[in-house]
Every structure is written in C-alpha cells, then in structure tokens.
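Enquirer: Here are the chains, one letter per residue:
Protein chains: 2
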Amino acid sequence: MTEQLPPDVIAQLTGMGTAITPELVATSWAVLRPFHDKVGYTAPKIDRDLAYGDHERHRLDVHTAGTELSGEGAGAPVLLFVHGGGFTGGDKHVPGSPMYDHVGAWAVRNGWVGVTITYRLAPEHTWPSGAQDVAAAVAWVRANIASYGGDPSRIVVAGHSAGCVHVASYLAGQGSGALDGIRGGGLLSGFYQIAEADERGEPELSYFGRRASAEVNTLPGLLDSEVPLIFAIAERDPWFSQGQIAGLTAAWFARKGTVPQVIWSEGHNHISQIGSVGVDDLALGAQLARFVNRVTQ
Amino acid sequence: MTEQLPPDVIAQLTGMGTAITPELVATSWAVLRPFHDKVGYTAPKIDRDLAYGDHERHRLDVHTAGTELSGEGAGAPVLLFVHGGGFTGGDKHVPGSPMYDHVGAWAVRNGWVGVTITYRLAPEHTWPSGAQDVAAAVAWVRANIASYGGDPSRIVVAGHSAGCVHVASYLAGQGSGALDGIRGGGLLSGFYQIAEADERGEPELSYFGRRASAEVNTLPGLLDSEVPLIFAIAERDPWFSQGQIAGLTAAWFARKGTVPQVIWSEGHNHISQIGSVGVDDLALGAQLARFVNRVTQ
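Protein sequences appear in the order of chains A and B. So the first sequence is numbered by numbering that gives the first Met the number 0: it starts at 0 and just counts up by one. So the second sequence is numbered by numbering that gives the first Met the number 0: it starts at 0 and just counts up by one.
Chain A with its partners taken away, still in its complex shape (with noise of 0.2 angstroms):
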C-alpha cells in the first residue's frame, strides 16, 4: 500500500515558507509525527552505533528484518542513507523521533537492509571528510553487511541536503573511496554546484572553506559517473536548491541528450521532504523505492 498524507497537512507542509530554519525542521517533524507513529518507524531489529573509523562520529546503524538465515542466498539489496544537517549537525539517530529510522524501517519493508550512518562535522573536518566518510561506511558494508542479510554487491548510496553533498562528492571521486558494489546514487535535494567563496553562507563556509568553486563542484563528476542516479528536489524547495536542479538539467541534456530523473516532491519542503518516506511515498518513497529495485535487479 501506497501510504499518503491527508490534503489539510499537505496544505500546512506548503504553507511553511522555503527557508530553512530551525522552526520549519521542527514544525514539519512535528506535523508528520502522528502518521509516522502509526505507520511505525522502526525496523524489526536494529544494530546501532557499530564503528566504521575511529571517530566518535564514525557510527552505522542497521536496519533488518531480524529474520536473516546467514549464508543463505545471495542477500538482499543495501540502501544506505546519509542525514543532512547543514555540514554542522545532524545525525543518524535523534532518540525518540522517527529521525532517521523511518528510512531504514521503509527500507526493510522493500525488502532491503538499510544502514544510517553519521559522519564528522564542520567546522573541525572539512572538504572532503563527508565524502571520505561515506567512502569508509560503504567499505564497511562491503565487508560486514553479508553477516546482516545484505549484498554488498547490490548497494544503493543515498543522501539528503548536505548527506546529498557528501554522496555526490563520494559518487565523483573526492573521497577516494572505491565504488564497487554501487549499483546507483539518490540525490535528495543538495547541491552540485557550489558558489563561489564570497557568495558563500555560513554551512558552505564551514565545510568548504574558500576553496574554488572548480575543485569542489561534484556537477562534472557526476556527468562523468556510470553510475545510475537518481535525483529529488522538493516542491518548496528553496530558490538555491531549484536552480540546482535547473543547473543539473540542462548540463545533463547537453552531455547525454536526455533529461536527468527527478522526482519532484509534490506538497513537501525541504525537511518534510525527507520525513515523507514512509508516510507519503508518492512525494518520494516509491519512486525511489522503484529505482533501487531496477538499479539492484
């Protein structure tokens, strides 16, 4: 079942304003909530907080079913989610919110293990860290994830606003990682291209310093990628986050001559966005639920 929203809080969750403030994280937590305890928010078993790095913030949770028989068949697809948090905060984990076991319970509900990792801040780590970091908890996967049911030749790296950063700069190589067993990338409301270090805010500053726009853009990375992506923008997304998209389309069309896919988040803002996985998945569940299942066939 396919679940949705009723239109009254559609209606609240587009009202908000575009800005990305404090309020409007915790109102629109707030106002999804109530569907979010009755769906639940939970996978049957969670392990949490197992090291990928030696940093205090080099944690993974994982999301399975709690029914996995080791070293039976081949095991199942990865979803691995990366938090936003405007490269300063954020985690994986805020106890007693669906923050973000929601998405490994709905990934476990498509019949996939999902991990939620948390990864080093700004200002004290900067560009490239985020990359590196999804690079070492996609290596961990890789090497522990069959002992939980999962492939580590069938997974999906997936991040949100500055998690989509990360992802992206992982997907076009400025974490060194390697990417074998990345089987495609979901691109939820981040950016690509970065502004220059004048015209930069705060969370940029603190994360990318003033280095040059050429040398952290993950746009042509991207372009460069063989790996299949998939992208989200959310319908009241703010201005910077729709030109990227906008941005992204037209470098897209005039490299591959086709159109990037998007998928536009009806009724949602920047957070809300996010927290509609599992509760409103045609704003983006299902649509991302369908790519993984292609990409992991």
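Zero decoy hints are in this set.
Label pairs and their computed distance ranges (CB to CB): (1) D48(B) to P227(A): 42 to 50 angstroms; (2) S175(A) to P227(B): 42 to 50 angstroms; (3) N292(B) to P122(A): 42 to 50 angstroms; (4) A249(A) to D223(B): 19 to 27 angstroms; (5) P122(A) to Q296(B): 39 to 47 angstroms; (6) P94(A) to P43(B): 48 to 56 angstroms; (7) P227(B) to T1(A): 17 to 25 angstroms; (8) Q192(B) to D223(A): 24 to 32 angstroms; (9) D223(A) to P43(B): 50 to 58 angstroms; (10) P122(A) to A73(B): 52 to 60 angstroms.
The following residues of chain A were derived to be distant from chain B, with all beta-carbon distances above 12 angstroms: (11) E22; (12) E123; (13) D179.
Derived by calculation from the structure, the hints in this document are not laboratory data. Glycine included, every Cβ here is placed at the ideal spot set by N, Cα and C.
Following the hints, complete the assembly by docking chain B onto the known chain A.
Expert: Below, chain B without anything else, positioned relative to chain A:
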C-alpha cells in the same frame, strides 16, 4: 493498489529505441496488451461519439461509473484527455484495443469522469485547429458534463504527444477558448518550442506550415498561465522531447525561481508512457492522479 509491470517487460520497452516509428507504436501496445486485458480497460459506462462540433472528428466519449445520481452533490472532477498521433492521425478510441479507453477507465477508478476526444487533423486542418477543438470540447464539457455526474467547474485537460501540443496551445490561449473551469493541465511528452520552418519535420510542417516559431510556440503562454501544470517525459523519449524539458526547466526557473513539476516515466518509451496508465501507475498515473486530485480539491 498501484499496478506495476514486471522488470522483463520494462526491459523490453526500454530496449526498443527512442525513434517514434509505426513499429514502436505497434510493439509497445502489444507488450502492454496482456496487462490491460488483466486490469480491464473499459469503464462501466461509455457514452460514445457525442458531437462537440460540426466536423466528423468533433466527437468525444464520456467514461463513467454508471451509477451517477443526477442532481446529487457537485459532481466529480473531470479529466479530459487528448490523444497523440503526429498531428495527422490517431483517435480517441481504436476498437478492440485499450487505446484510449484505458485512460477513461483509469479516470473512473480514480473517482472522476473521463472524457476522451478526437479532433481535426492536418494537413486539412492546421494550426490552431487543435487548440480550437480542445476549447470546443471543454465548452461541451462545461455545458453537458453535469448530467454525467461531472463537475463543470473542476476540469483537468491532459494530452499526449501531438495532443499535448494542442492542450498546451489551448492553455496558452491560441485556441481563443475560455479557461473557465480549468483547474489544471497535464502536458505529457509534447513540445512547447517549435523549430523554425526550415528545421521542421513532416508532421510539424503539415500542422504548423511555415509559420514563425514565435507565433506557434506555447512556452511563453505556459509561463504566463495561472493554471497549475504538470509535465511528463518518458525515460526513452527521443532527444527532441528531452530537449523540450531541458528548455522548459531553464525558462521556468528563470521566470519563477522554481523548477516545473515533471514526471520522469521510468522504463518507458514515448508510446508506452501513455500506455502505462492503469498498468504501471508509478511511471505516470499515480503522480498524475495526485496532481488531478490536488488541483480539483
């Protein structure tokens, strides 16, 4: 339930190439046929060949559940669908096939009234005859649909391929028809910027003649329109259609600071995209339905 096609069928459709040939049309429909037979492609009641004008092709079919109580309530939303066929061919109904009764049946399953129309063809009838015919059909719907259980103030017009061009032309005001009651437009794999005469193919020459692009382009009118619009592009639509979405996206962003709502029909070619309605709804139908429900609230 959201119908899906098996992966091997999607692989067949994706593998057919992008050129819109008679073979592509025949093979795509042949591949989809068993699924339409299984789901069923006729609404419980179809009133056929109602005249909406003087020409023999001024005919439309009304698809309903057959259980309407006249006079009760405000009536259901109405989806008016305009077929493709390269300006010189096509029909609302090809006897013995799902074309395009399946759109009417799907509309009824969604709780709407479906209207499928046939219109005058080039080379006898040229621009803006298509827009004029859409306008005439809409006028018929406004005057008559209440007796079929439809709400004349909640109409969504949608068209595919050449039918999309006519709907866009109507919405851009080229058919001189009023937009009263129009709540939304569905623009599926058509085009909005027409090549200059020297670069036109046969179908476009037969309909647009040698009129200047600036006279027949609909993009400026669509950007000016206050009617909510949803677009679609098939993954395997040809280069020319892909470029239309790239151009639309750039112009839309420059004008509005957002990107347009575009459904990217995964796994489908130009023909199977519209054929997917009812049998592979994640490719087009589910998102189109969400749009119709939203704008007709």
